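S.K.: Please model the entire structure based on the sequences and the hints provided.
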Amino acid sequence: MENLEKRHSILKLGSNKADILSAINQHAPISRTRLAELFDLSFTAVTHIVNEFIEIGVIKEIGDGHDLKPRGRRASFLQLNEDYGYIIGLEVTDVRVKSALADFAGNIKAVKRIVFENHSKDYLISTIIESIESLVDENNIGWERIKGIGIGMHGLVDYENGISLTFPSSEEWENVPLKSIIEERFNIPAKLDARLYVATLAELIYGEGRYNPDFVYFNSGPGNGFNIGLVFSGQILRGKDGFAGQFGHLVLDPRGPRCFCGSRGCLVTLASPLAIEKKAIEAINEGINTSLTSVYREKGTILFKDIADSALKGDKLSINLIEEAGRYLGLGFSYVINLFAPPLVVLAGTLNSAGSMLLDTIKREIALHSVPQVYQGIEIKFSSLEEDVAARGAVVLIIREHLKKIAEAS
1 MENLEKRHSI LKLGSNKADI LSAINQHAPI SRTRLAELFD LSFTAVTHIV
51 NEFIEIGVIK EIGDGHDLKP RGRRASFLQL NEDYGYIIGL EVTDVRVKSA
101 LADFAGNIKA VKRIVFENHS KDYLISTIIE SIESLVDENN IGWERIKGIG
151 IGMHGLVDYE NGISLTFPSS EEWENVPLKS IIEERFNIPA KLDARLYVAT
201 LAELIYGEGR YNPDFVYFNS GPGNGFNIGL VFSGQILRGK DGFAGQFGHL
251 VLDPRGPRCF CGSRGCLVTL ASPLAIEKKA IEAINEGINT SLTSVYREKG
301 TILFKDIADS ALKGDKLSIN LIEEAGRYLG LGFSYVINLF APPLVVLAGT
351 LNSAGSMLLD TIKREIALHS VPQVYQGIEI KFSSLEEDVA ARGAVVLIIR
401 EHLKKIAEAS
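If you number the sequence shown the way the working numbering does, the last residue is 410 and the count never jumps.
No lab work stands behind these hints: they were computed from the structure.
It is possible that some hints are incorrect.
[What the hints assert, rightly or not] In silico lysine to aspartate or glutamate, EDC-like type, Cα no more than 20 Å apart, as pairs:
no., residue 1, residue 2
1, K313, E298
2, K147, E130
3, K147, E184
[Claimed, not checked] Label pairs and their computed distance ranges (CB to CB):
no., residue 1, residue 2, range
4, R297, L339, 41 to 51 Å
5, N285, G142, 46 to 56 Å
6, R297, N161, 42 to 52 Å
7, F232, H369, 14 to 24 Å
8, N285, E82, 43 to 53 Å
9, I114, K299, 11 to 21 Å
10, G355, A45, 43 to 53 Å
11, F232, E171, 28 to 38 Å
12, N51, S263, 54 to 64 Å
13, E55, K313, 25 to 35 Å
14, R264, S410, 51 to 61 Å
15, L312, R113, 50 to 60 Å
16, F243, R96, 16 to 26 Å
17, N289, G142, 50 to 60 Å
Note that the coordinates shown come from a computational prediction; the quantities given were computed from them, not determined experimentally.
Cβ coordinates follow ideal geometry from the N, Cα and C atoms, glycine included.
M.R.: Below, the structure is given as structure tokens:
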């Protein structure tokens with residue numbers, strides 16, 4: 001049931017009809033009465049709009065509940081109709097592609113992951129296509145039921161034209177028209193955006209953003225993914241050309257490791273999951289005593305989850321690596337807090353597996369470097385959403401595109 005005691009944050013689409021659909025998407029289950037309050041419309045006007053969308057099958061009623069109003073009016077609740085169609089959402093990182101099949105209400109029905117074997121342009125494109133084909137075939141969904149394909153892409157993206165500008169792990173990848181490639185291959189509408197944007201969008205629609213219109217969202221990894229989404233007044237700040245949020249390229253050590261951007265000592269080279277994994281392997285090769293050695297011998301590699309698990313069991317190297325990363329992250333976040341004073345910072349992604357060990361270190365470092373009056377009262381917490389958040393955000397790209405078109409056509 002909707003929580004009427006909390007302030008609803010609405011990610012608007014531009015018209016009353018579209019915004020009502022957006023609110024239903026973001027705050028389902030929600031009543032007509034609450035929609036009327038949110039948009040300062042009469043109950044009759046909202047009912048007329050809602051009934052129109054029920055008739056075409058895009059939203060549905062889900063029984064009734066108590067509307068918590070003084071008159072105690074019984075009210076049916078609304079949500080998007082999950083049977084309206086299916087959507088594919090992709091999250092492409094520098095290490096793998098994750099494809100998710102979702103219903104029209106945004107519920108994930110199936111997920112497929114393919115780890116990249118190399119980063120050649122042709123291989124990356126063919127693997128992305130394979131992930132879509134196999135996901136649909138393995139779940140026996142007719143292609144005619146797919147409403148669209150959303151893609152959250154690693155690197156810089158020209159979201160208006162559907163072009164993937166860079167893929168930092170691939171020297172061949174430059175200005176790839178991925179949206180048109182996917183549309184031509186499947187004859188299905190596609191939408192391309194940055195991985196950070198779609199992950200922030202999912203947090204805004206399904207997570208902390210439902211009731212917090214102002215927050216900073218940080219998503220770590222896997223690999224080199226390491227940026228922040230800035231949300232103010234319920235809208236995601238894109239900046240020039242959509243490039244806002246390059247948190248991973250704050251230079252914290254000018255004499256540090258060379259970054260793929262060309263600079264030195266960027267935060268991503270010091271505290272990203274990939275950077276921490278590299279440091280662990282270097283320590284093992286140097287003969288430092290650690291329980292990670294047996295893991296490395298068995299698997300031939302080290303993942304951040306291995307480091308987090310070892311740290312929680314008391315491995316000294318693992319603890320040192322996580323606390324070092326936490327100090328760098330805390331310093332970086334102190335800059336963000338001093339600049340923007342967000343009431344909430346949400347942490348998501350690979351690094352969250354380190355739990356309170358990482359979070360406590362981050363908080364201590366922020367306290368050391370932030371203006372006390374600015375930092376006071378700011379909440380820093382882990383996201384409650386699952387690891388498929390970016391793929392789910394890519395699904396939302398398509399849902400919102402359809403909702404806008406439906407509203408415009410009605």
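S.K.: Each hint: holds or not?
M.R.: Okay, the hints, checked on the actual structure:
1. K313 <-> E298: 19 Å, holds
2. K147 <-> E130: 18 Å, holds
3. K147 <-> E184: 15 Å, holds
4. R297 <-> L339: 41 to 51 Å: Holds: the Cβ-Cβ distance is about 45 Å, inside 41 to 51 Å.
5. N285 <-> G142: 46 to 56 Å: For N285 and G142 the Cβ distance comes to about 52 Å; the hint holds.
6. R297 <-> N161: 42 to 52 Å: 48 Å, holds
7. F232 <-> H369: 14 to 24 Å: This hint holds: roughly 23 Å between Cβ atoms.
8. N285 <-> E82: 43 to 53 Å: 51 Å, holds
9. I114 <-> K299: 11 to 21 Å: Given range 11 to 21 Å: holds, Cβ gap about 19 Å.
10. G355 <-> A45: 43 to 53 Å: Taking Cβ atoms as reference, G355 and A45 lie about 48 Å apart, which means the hint holds.
11. F232 <-> E171: 28 to 38 Å: 36 Å, holds
12. N51 <-> S263: 54 to 64 Å: Hint holds: Cβ distance 56 Å, inside 54 to 64 Å.
13. E55 <-> K313: 25 to 35 Å: Hint violated: Cβ distance 58 Å, outside 25 to 35 Å.
14. R264 <-> S410: 51 to 61 Å: 54 Å, holds
15. L312 <-> R113: 50 to 60 Å: 25 Å, violated
16. F243 <-> R96: 16 to 26 Å: 24 Å, holds
17. N289 <-> G142: 50 to 60 Å: Holds: the Cβ-Cβ distance is about 57 Å, inside 50 to 60 Å.
In summary, the numbered hints that this structure violates are 13 and 15.
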